[in-house]
Amino acid sequence: MEKHYPLPSKDRQEWRDLLNGTINVPLKNYFFQMKVTQARNQIKTGKFSLEEEVDNIYALCKKFIKAKNMDTDLANIFGDYLQEAPTQENKQQPIAKFKHDDRQYIMEEAEKQKKLDTERKKRAIIEQIRKQEERAKQEAEKGRLEAERIRLEAEKAIKERLALERQKKAIEKTESHNLNKKELISQEKKQAEMQRLKAIKNKKRKVVKKKSFFGSFIDNFFRN
Amino acid sequence: MNNKLYAVDEVIDFINEGRLMSLSGDEKVLKKLPKGNWIAGTIPYFMDEDLGKFDQNKIFVNFFDQNIIDFKIKTYDETSIDQIIPNSYNNGYTLLIIPAFQKIHHDFALKAENMEGLYNNPVVGWVSGINLNSDDVPKTFNGKLDEEYIDKAVAIHIKLPEDYFAQLDIVNIFERDEESPSIEFYFDSFDVLNCLVDGKETNLAEYIHQNNIDIKLPLIADYSGASINVSIKEVDIENGLVSFYAPVFESKVYKFAKPIENYLERFEIKTLDYEVDNEFSCNCILNYLYGGLEGQKINNIKGPITFGEIAYQLLNQTLVTLTVDKI
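Listed in order, the protein sequences are those of chains A and B. Sequential numbering from 1 applies to the first sequence in this note's numbering. Sequential numbering from 1001 applies to the second sequence in this note's numbering.
Accuracy of the hints is not assured; some may be wrong.
Here are the in silico distance ranges between beta carbons for each label pair [as the list claims (entries may be wrong)]:
no.	chain 1	residue 1	chain 2	residue 2	range
1	B	G1117	A	A75	54 to 64 Å
2	B	G1292	A	K66	31 to 41 Å
3	B	K1031	A	P8	49 to 59 Å
4	B	Q1210	A	P8	44 to 54 Å
Derived by calculation from the structure, the hints in this document are not laboratory data. Here the structure is a predicted model, which is why all the values come from computation and not from measurement. Glycine included, each C-beta is placed from N, C-alpha and C at the ideal position.
Just chain A, same shape as in the assembly (with noise of 0.2 Å):
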């Protein structure tokens, strides 16, 4: 039977990294090139927000993810997706059964019951000090689970900040190259280009030195 691993939560980094771009690897199924491509476009020129590109891609990756590579592309996203969940086995003690009922034995058993009796209590002793024992462990043990939950804290706000950090610095990245290429493609300058374009192809072409095969084709067949 097929396994099947449920698409990582909507709540992780991951999903915004991609989308920011700061998760840039290549992609294998066609659906999720695609798709990425063009929601960082559009979350890049505004017409959506990246919360409103992961709802939108999670939902998508969802109904496709049994199609060809989308396990590959999630897993190098996702570092844990597709690894097992650790088993753990509860294993019974056994228990040993014993009979007997011969008087000498009863007698035996009254010394041994006494030497039990005083044995209970030496235990019970010894287990109101392992109790004691215990509970001063127990409390060691919320202290260290209490300085552990601070570490992983502190530990992911660290994660956050550097994300943010990484997000921003793909943002500036970004904003610097379009900055550049703003400052090359003035808004002027398109609309001049748009008009040269159209000029030129309203212009009979007469001289066209270098074509394609199927370009000279097709330019013979617009003549005719």
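Fit chain B to the supplied structure of chain A, relying on the hints for placement.
Only chain B this time, still in chain A's reference frame:
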């Protein structure tokens, strides 16, 4: 389902049986077909089950009636082409045929990327063409209405059961030449005068001419790992104009493709695991011509040879496939 070339009489029988089909063939044979559940586009070049061939007497049939629960046949013009998305079903796919070199061809290519919901379901298809040694005109046919068009697109919208899904894939034998300069454009267009070559304003026609660039090689943009080709149609040195078979986009960075020594070998390697009978596939006329695919066989790949391929958006020099699988 056996997608391949059939004689006209056989196709008429399929139509009379009510089969749902997408057809490709020469205009003269398509005109002989009765009304029915079919759409068609003109083209006489094919990859048939045995070989790549030119045939003006037979019709290539793609059957679409397996594992479907509903369908719609529609005609679109340039004002309604963006309705292909709202008209599609929640779970299914759309097969679209567009006539070459008409306004609708350009409009679809420029608009597709911004169509809302474009990636909800596969949109697959092709651009109809003609015999390259004729004065014919590329056409499309709506068999349901018994109409033919030179300026309208036709589509079949297919509804699949919930436990099936359709997926698109492409085979691009070209690779970006990382040594090539980066080329960026001022606006989305099929025609270009000036552009930025490595950030410097340059006339592209002059650049191609001066650097003796092989115009059989496409420009390639990277779409998150997918190499998307734009093929050069013409370089007009006098006017400094370069025309393409698909639009270049302002938002993309392009590079020229690496040269290819053996088209056939590349296709064979890249299509080794392709299914015998996928729902649909088509390949580009430029690959057919430049790669000498007539008389050749590429693994299990069958279908029309087209003047443009559609896999969500218009592609060039690319093989497109659609498969339907059970979840």
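Here is what the structure says about each hint:
Separation of G1117/B from A75/A is about 28 Å and departs from the stated range, judged on CB atoms against 54 to 64 Å. For the hinted restraint 31 to 41 Å between G1292/B and K66/A, the CB-CB distance of approximately 38 Å keeps it satisfied. Between K1031/B and P8/A, the C-beta spacing of about 54 Å keeps the proposed range 49 to 59 Å intact. One distance hint, 44 to 54 Å for the beta-carbon pair Q1210/B and P8/A, holds here, with the actual separation near 50 Å.
Hint check: a violation occurs at hint 1 only; the rest are consistent with the structure.
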